[in-house]
Each structure stands twice: as C-alpha cells, then as structure tokens.
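Read top to bottom, the protein sequences are chains A and B. Every number in the numbering used here is 167 more than the matching position in the first sequence, counting from 1. Every number in the numbering used here is 638 more than the matching position in the second sequence, counting from 1.
A couple of the hints might just be wrong.
[To be verified] With a straight-line Cα cutoff of 30 Å, these simulated DSS-like cross-link-like pairs (lysine-lysine) come out: (1) 463/A to 728/B; (2) 710/B to 359/A; (3) 728/B to 714/B; (4) 710/B to 463/A; (5) 170/A to 323/A.
None of these hints come from the bench; they were simulated from the model.
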Amino acid sequence: MSKLVIASIGPASSVQDGGRPGAQRYGLVPSGAMDRLALAAANTLVGNEPFAAAVEVGPFGAKFTARGGAVRVAVTGAARNADIAGRTVAPDTSATLADGETLTLGFARGGSFSYLAIEGGIAGEPTFGSLAVNARAGLGSPYPRPLQAGDELQTKAASGAPERRIELPAATDAPIRVVWGPQDDEFADETKQLLIDSEWKISATSDRMGYRLEGPVLKHLHGHNIVSDGTVNGSIQVPGNGQPIVLMPDRGTSGGYPKIATVISADLGRLAQIPAGRPFRFRAVSMAEAQVEARKFAELLRTLPERLRAIENVDLNIDALHDANVAGHAVNAVDAGTWHAASLADAAGPD
Amino acid sequence: MATTLSPPRLLPSGDSAITVEFSRNIDDAANRRVLALDRELAAERIAGVTETVPTYRSLLVHYDPVQIDFDKLGEKILALAQRPVPATTKTRRWRIPVVYGGEHGIDLEDVAKTLNTTPDEVVARHVAGDYRVAMIGFTPGWSYLSGLADSLHMPRRQNPRLLTPAGTISIGGVQTGVQCLAGPSGWHLLGRTAVRTYQLHRDPIFLLEPGDNVTFTAVDAKTFAEQDRAAEAGEFVAEQIAP
Chain A
168 MSKLVIASIG PASSVQDGGR PGAQRYGLVP SGAMDRLALA AANTLVGNEP FAAAVEVGPF
228 GAKFTARGGA VRVAVTGAAR NADIAGRTVA PDTSATLADG ETLTLGFARG GSFSYLAIEG
288 GIAGEPTFGS LAVNARAGLG SPYPRPLQAG DELQTKAASG APERRIELPA ATDAPIRVVW
348 GPQDDEFADE TKQLLIDSEW KISATSDRMG YRLEGPVLKH LHGHNIVSDG TVNGSIQVPG
408 NGQPIVLMPD RGTSGGYPKI ATVISADLGR LAQIPAGRPF RFRAVSMAEA QVEARKFAEL
468 LRTLPERLRA IENVDLNIDA LHDANVAGHA VNAVDAGTWH AASLADAAGP D
Chain B
639 MATTLSPPRL LPSGDSAITV EFSRNIDDAA NRRVLALDRE LAAERIAGVT ETVPTYRSLL
699 VHYDPVQIDF DKLGEKILAL AQRPVPATTK TRRWRIPVVY GGEHGIDLED VAKTLNTTPD
759 EVVARHVAGD YRVAMIGFTP GWSYLSGLAD SLHMPRRQNP RLLTPAGTIS IGGVQTGVQC
819 LAGPSGWHLL GRTAVRTYQL HRDPIFLLEP GDNVTFTAVD AKTFAEQDRA AEAGEFVAEQ
879 IAP
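Bound-form chain A, shown alone:
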C-alpha cells in the first residue's frame, strides 16, 4: 500500500468527489467538487471513475510526499506551477512520484481549485456512497474536515501505466449563463437588467457554501424574507443588503432569501474557478438553451476518456507556457507548441 503524506497545504483544501445526493429531504447537502469537469478530467487521467474522490486543492500551495511505494497522480483545474522533485508537471497531465519524492504545487494562477487525483483512488469509509468532506455535518473520509499538514491519504501502488495528458475544451471568459427564477418575480425588471448589465466580483469571504458577489445593490420588491424553500447549486439568492450570494456545493438545503436566477449547471465549475476580485458578467439564457448545454456538458463528461493523449517527448518551455496562459484555468500547453515530457527515467514502476 502506498500513501501520500501531506507535508503542507493551504486552507480550503479537502477530499471531494461526485458528492452524496439523495438526502437533501433530510437537510443533508450533497457537497462534492466545486469544478466537476476538472475532477472528472483528473480521475480520467489516472484511470479512475470520473467522480472518484480526489484532493480539491484551494488557491494556496501544497506539498505531497509519496511513502511506501510509488504513487501516480494527475493535476487539473486552476493552473499552477507543479513539480515532482524538480521535474515539471504540466497542467492536465498524469505523473508518478517515486517513493520518497515530493509533489509541490504552487499558488493557483487564474483559478481557485485544482484537483489532485490519485491512481487507485483514496482509501476511506464512504457515507451515503461518498468520501466528500462536509465539515458542518461531520462527514468525509479519511478526515471529516479540510486537510492539514501531517494527514495521510492511503492509496494503491502506482501501476506503471504510461503518463497521459487530456485535451480539454479551451478556457473561455464568456459570461456565466443563468436562467431566471425561481423568485425573479420578487424583483423589478430594471433590477433583473442590473444583474445582467453589471460587472460582478467574487468577494474574498466566499467559501464552499456560497460565493458572495460585489456589485450594484439589487433591491427587492417586497422585502428580503420569503418562506424558506429548497435551494440548488447555483441559486443566486439576494439577502437584505442586496449583494447576491451564489450557492455552492456546501449550501444549506433550504433558504429564506429570494433567488433571482440560477447559474446553469454547465457553467457552475467555471464560476467556481473565477478568482476573488476578478470582474465577470452574467448572461440570461432560455430554459431550452440551458438544457441543451446541460446535455452537452454531460456528453463532455461521458467522453473524457476519448480526450486522453500520449505525452510527446519534447522539452517543456515553461516560460512560454506562462506567457501564453496568464488568464486561463485550462492552460493548453499543446497549442502553445511547447510540450514536454518530464523525465520518467527516475519514476518508479509498480512495486
């Protein structure tokens, strides 16, 4: 049995997977990854089921050391510097740590969450079929709380499979799409227009429960208290101060503020990756368009294995990589023509 020992890690980092739907009627929110596409891509790279448990790494850096054998991993999501014992690990690729080697992840550049998937998954005791951390409910395994230095993630020894990269759709800064409702009739048409016409920023006080938005004040027609009703990931609720909160995977299952609109499911991961303080916009779409996008997104998730590629054996020009991708979460090193293969000579095979 191999394991990854966490040598250091920043806040807002936890084990997450596809979540535990099915008990929202009892007040238990599903939790799960903030960026489902990035989670699924990381797992696909190392041959896991797409929504297996992985480490959701927050905006700060982290270090993981392999013990007891080699460990094969993949890193996706927010772009950041990554290396194993000095060998650069490109975004959206797999790589293998030999026993005793350390994977170092830098600060996120232009995103918030990265996903570190481990070949063979993370050993733990699922509750309602999930290892995802929900700290408020005391759920999650192997630790029912955010990760901290000294924690150990037990896994299988690396298989020695060839390393892969995955070609994801190009990153986009297009507006985050919403459908109106369920309580858009609690707002005047001008207020709804203000949501669409304004630039918004995500406040630094945001977390996995909700993203607090900074922008113009959205006024209610009839006050800010409604009788509580159910919430979903992406509900844009407007509390008394008129500053919207987008509900995220650790939300309360019910809430008593009017919800002016809802982020479409295909854009939730993209919203989750917008760094605090960077301006962005919303765009309203029809239900029909939102559902077409939801089906396209499901198809993208389903066909991720078809996007796996062998890693070409050319040297990496990391500076060019940075220059080409200052903004994006989906750093596409292949298009930059600067691809690499980290030297695999010293990466251990199965033990």
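Keeping the supplied structure of chain A fixed, place chain B upon it in accordance with the hints.
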C-alpha cells in the same frame, strides 16, 4: 364533494430542478399538498427524477435534464398535483422528551416575560401541541414543525446566535423546531432533547420524515443525561407511539 385544486406554480430552479410552489406563505393546506405530491412522485417513479425536497409551501424536484426536460416533467407534475389529497394518511407519531429551561433552554424565562406568562405555562403550552414535520432543512435533521399554538408565536431574535447546542428545541415565528447539530439559530431556545434526528451508524440515520407527527414530553435534567448517553449509543430515545 369534489373540489378543484388550484394548480401549483412551476418555477425553474436552474436546468436540473423545478420548484413546485403551492403557496407563498406558511400554510398548512399547502404543506399537505406538498407532502401528498411528494408521495405521488415517489410512487410514480418518473425516469429522470433524482430526488425531492419538501418544504412548507413548495416541493423542489431535482431531475436529470439528459433524461427528461422541464416541459415534459412539468406536465407530469401538474397532472399529479390534481390528484385529491388524502384526508387522513397513515403517518408515524413520535413522542420526543425535552428538558425545558435552565441551562438547557436559556430563553425560556425571557419568552415567558415577553408573552406575559410564566415559564411553566410556556412549557405547558408547548407540550400540549400536536405537531407535524413540515420540512427538514438547512442542516442535517433540522426539523421544522407546524402546529405551534398561537399563544407561543413571537418574532425571531434580533441578533441570531452563532452557536446553539445540538438537540435544541426552539420556537421562532409561527414554528417550533428540533435542531440536531450545533449551529447558528435566530430562534428562542426553550430546551434540549437527547433525540438525535440525524445519527450516522444508526439505522435509520434520519429519524424523522417530512409528514411525521410529533408531540413533546417534559423530562428532568437527570433523565435527559441518561437519555443522552443512550442516544449516543444509538438508541432512538424518541418513542414511536403510532402506528
């Protein structure tokens, strides 16, 4: 005599959920229709419906848009909502022990003062109530009960507390509630119960269901302490008195 039921409003909650709204207010008749529709939907097993969340006034229906779209699911829901609401449905009834006042219910004295009565009278009114689980929400096992006596209605606290104990029994507005986990609350704390409405490694993990009937019974601090130990070991402590 057959009466025509007014159709609920179908409100979009993104591309993967519909809020089926029967009322904008806390309304007992609406809640009965919510729970009836919830049962109908469970029995109907519509392909693509993934889970439902009943609340006081609406039913949130989660679905997979790959399997069914908003319009088709909406039609089916409207048809089911026209089925008559059973006058009496066989529901479970629980008796939940509560230690009222003192360190266990730090707002009991203030509630009595505000309502111009005595703490004993507040307890008597609360124990006399016949409640129904209208919804469970916010955090695991937080059960919102309808049926609070008018004489106990009072506005929520101006300043919500950031931390209230696990097992808190409280009142707020026209509602009373059984809170399972420690957490924030703006309600008035009358007492505590040893009953865990949510407990891992117990079967069932969630004790109460939306629609269940609930009554309270007063116990002393010593009994509470004993029950708390038993509950920690996995006993229900709550007594199921029917059916």
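Verification of the hints:
1. 463/A to 728/B: violated, 44 Å
2. 710/B to 359/A: Holds, because 27 Å separates the two Cα atoms, which is no more than 30 Å.
3. 728/B to 714/B: Judged against 30 Å, a Cα distance of about 25 Å means the pair holds.
4. 710/B to 463/A: With Cα atoms ~19 Å apart, residue 710/B and residue 463/A stay inside 30 Å; holds.
5. 170/A to 323/A: holds, 8 Å
In summary, the structure is inconsistent with hint 1 from the numbered list given earlier, while agreeing with all the others.
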